[in-house]
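Top line first, the protein sequences correspond to chains F and X.
When the letters of the first sequence are read in order and numbered with the numbering used here, they come out as residues 448 to 684.
When the letters of the second sequence are read in order and numbered with the numbering used here, they come out as residues 439 to 902.
Please keep in mind that the hints were generated in silico from the structure rather than gathered at the bench.
This structure is a prediction, so every number in the text was calculated from the model and none was measured.
Heads up, the beta-carbon is just placed ideally off N, CA and C, and yes, glycines get one too.
Don't take every hint at face value.
Label-pair restraints from in silico Cβ distances [to be verified]:
1. M448(F) with I483(X): 21 to 31 Å
2. L563(F) with E829(X): 39 to 49 Å
3. D643(F) with E600(X): 29 to 39 Å
4. A740(X) with D643(F): 48 to 58 Å
5. R665(F) with Q505(X): 53 to 63 Å
6. E830(X) with D511(F): 28 to 38 Å
Taking lysine-lysine and the DSS-like style, the derived pairs with C-alpha atoms no more than 25 Å apart in a straight line are [said to hold, decoys possible]:
7. K456(X) with K445(X)
8. K898(X) with K625(F)
9. K445(X) with K625(F)
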Amino acid sequence: MKAALFATCLGDQFYADACADAVRLLRYAGVDVDVPQSQTCCGQPAYNAGRRREAIRMAHQTLDTFDSADYVVLPSGSCAGMLRCFYPDLLNSELERAQDLAGRTYELSHFLVEVLGIQDLGSGLKGKRIAYHHSCHALRELGLRNQPLSLLKNCGAEVVSWEADEECCGFGGLFSAKLPEVSAAMADRKLDTLSDVDFVTSTDGGCLLQLSGRGNRRRLSVQFRHLASVLWEGVGL
Amino acid sequence: MSFSGPKHYRAESAKALKDRPSVRASVTSATDTFNANRSEAYSQIDSDLWRDWARDVKSHALTNLDQYLEQAETQLLANGAKVHWAETAHDALGLLEEIVRDHGIGTAVKAKSMLSEELGINEHLEHLGVHVRETDLGEYIIQLIGEPPSHIVGPAIHRSLEDCQRLFHETFGTPLDDGPDALAAAAREALREEFLAADLGISGGNFLVAETGTVALIENEGNIRLSTSLPRVHIALVGIEKIVPRLEDVSGLVQLTSRAATGQPIGNFFSLIQGPKRDGDIDGPEEVHVILVDNGRTRLLADDKAWEALRCVRCGACLNICPVYRQTGGHPYGWTYSGPIGAIIAPGMLGLEEAMPLPYASSLCGACVDECPVRIPIPELLLHWREKAVEEGLTPSIESAGLKAYTKAAERPGIFRAAGAMLRHIPLDAGGRALPILSGWVKERSAPESSAKSFMQQWKEGIE
């Protein structure tokens with residue numbers, strides 16, 4: 448089985464180790480991983496800002512990059528949602544290619560569970576108390592809820608209940624910079640409803656930047672880790 | 439306090455968060471209750487099927503609006519009601535003024551109506567020397583305080599129990615520790631006199647039935663029933679988008695709206711108003727006036743995408759679930775309709791420039807679209823208005839320039855990576871203060887730490 452990893456722009460710069468862990472995880476699962484060198488950004492920052500023209504250009508770049516990949520795997524629900532849900536509309540001049548790409552695109556935990564049929568990675572998370580943040584786009588665009596949770600639990604982790612686990616963290620890309628006060632209050636709602644855990648994890652780097660940035664500013668001791676690294680630890684090698 | 443327009447959204451929301459933390463606490467707690475109740479109420483029915491049906495009924499009515507409005511007018515007239523058409527708020531206030539003068543109105547009671555808030559009915563009545571009293575408990579509270587509503591369904595949602603205890607203590611002398619029931623009883627006693635003395639009752643209308651000329655009203659407190667049946671004149675203010683073809687459509691819509699709004703199978707009171715008192719009726723007004731209001735609605739209808747927002751039944755579900763709205767309540771949005779629905783109808787009804795920055799007052803989390811009883815594609819419409827804002831040059835030029843440059847780089851992987859490598863050596867906390875796009879970020883959060891080596895670099899060196 449071959450798959451291309453789309454590290455995403457945030458992943459490349461801020462969650463590089465998690466992307467590397469995603470490669471390790473996929474290889475461990477028997478996947479021949481490729482990282483096409485022409486990958487950059489899926490275009491979501493422009494798309495969400497209303498700059499459709501720029502978003503289309505970045506979507507083209509991405510479409511060309513992953514044309515020959517059997518599968519495209521992303522350590523991000525948000526960017527995976529962009530390719531799966533919005534490219535066919537953005538790239539309607541090349542609808543067939545866009546739909547084809549959408550059908551081959553998966554967020555990491557989605558790929559592990561649905562394509563590779565993996566339930567048990569190992570037992571490396573035994574004794575860990577983890578809170579899982581459902582990123583909005585993984586949850587609502589891709590419909591992912593149980594996939595990451597079951598992988599974590601099957602690695603021995605206790606996923607604690609969290610009243611606000613399905614609420615938006617307040618990142619929203621440009622939103623966090625345009626309306627920082629409301630955005631921070633949204634993060635506070637998440638942070639203030641957290642119980643005592645070893646760390647918080649999520650599949651989206653954007654959410655993790657937001658939550659950890661706010662947590663650090665408030666000098667909270669809670670740790671935030673990307674799902675790819677947590678699952679790699681879950682393998683327990 | 440009155441609304442000063444959406445343009446101060448950021449400053450007003452920041453101020454609300456900083457100066458009045460009790461607003462956030464009250465709104466969060468009340469919307470948590472709304473959400474739990476709605477979720478339970480949706481689970482009791484095949485809510486997907488109901489919502490598809492409601493979407494189709496409302497869309498059908500909107501795409502045949504002219505025909506159904508004429509039919510409604512004919513039926514209303516046949517029922518003995520008087521029908522008026524108001525293209526603007528100014529027209530509606532003029533019609534109101536005529537009725538007030540013709541009937542020598544000195545006092546008015548009002549049932550809760552967001553349209554009356556939109557039109558500024560209270561201010562105008564006061565200007566005409568009419569004593570006007572809100573009779574919905576939440577509306578009554580904010581009228582006493584002198585505030586506009588903060589929520590479509592719960593206008594005083596931003597006020598805590600302590601706020602109300604203090605207000606009622608000062609107004610009626612009730613003990614400071616009176617509970618909600620005792621406070622409601624005090625309000626009921628005061629309002630009873632107002633109902634009995636009023637010359638005029640003003641209501642909105644949840645639905646207007648074309649085939650029968652019926653104004654349908656949902657409520658929980660009985661104040662709408664009293665406002666529309668005790669005074670000698672009743673004015674119903676109805677937005678033209680409230681039309682539905684048949685009475686049996688209302689039977690489904692009233693249930694779905696109640697479930698979406700408060701989680702009830704149906705509101706405690708449900709009134710179907712068919713015109714003035716007839717011979718033999720014990721009570722009811724001598725005259726019923728229905729004012730059909732446009733005030734920007736046909737402008738919204740003309741938009742090829744955003745017209746779908748006119749399906750809105752004003753249940754408030756999108757506000758309750760919205761993590762943005764929940765932090766501040768409705769006041770920072772700067773006009774009558776707040777939250778996600780307010781952000782998508784403002785550009786159509788007020789004009790896009792006037793409505794800025796509301797289309798951006800969302801993280802596009804998509805929670806609202808899962809709850810809307812008439813399936814308005816809210817995130818899609820927020821994006822639609824953002825795209826129009828870009829086309830019309832209404833977004834900050836620094837943002838446009840930044841995203842254009844970013845796009846250019848993203849099309850050239852070598853440059854993209856070189857730029858990324860360079861940025862990783864700039865301390866973002868310091869850089870953030872200088873770069874407008876990042877200053878917002880570091881204002882409320884610590885700057886993100888870049889990875890020691892980019893992933894692409896690690897890949898090139900080989901991943902073990």
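Here is how each hint holds up against the structure:
1. In this structure the hint that M448(F) and I483(X) lie 21 to 31 Å apart at CB is violated, the actual value being about 44 Å.
2. As the Cβ distance of L563(F) to E829(X) is approximately 44 Å, the hint placing it in 39 to 49 Å holds.
3. A beta carbon spacing of about 31 Å between D643(F) and E600(X) agrees with the range 29 to 39 Å that was offered as a hint.
4. Taking the beta carbon of each, A740(X) and D643(F) are about 55 Å apart, inside 48 to 58 Å as hinted.
5. In this structure, R665(F) and Q505(X) meet the distance hint of 53 to 63 Å, their C-beta atoms being roughly 58 Å apart.
6. At about 31 Å, the beta-carbon gap between E830(X) and D511(F) stays in the expected band of 28 to 38 Å.
7. Restraint check for K456(X) and K445(X): the C-alpha separation of about 19 Å stays at or below 25 Å, so the hint holds.
8. Taken as a hint, the K898(X) and K625(F) pair is broken in the structure, with Cα atoms around 36 Å apart against an allowance of 25 Å.
9. Distance restraint check for K445(X) and K625(F): the Cα-Cα separation of roughly 13 Å lies within the 25 Å cut-off, and the hinted pair is therefore satisfied.
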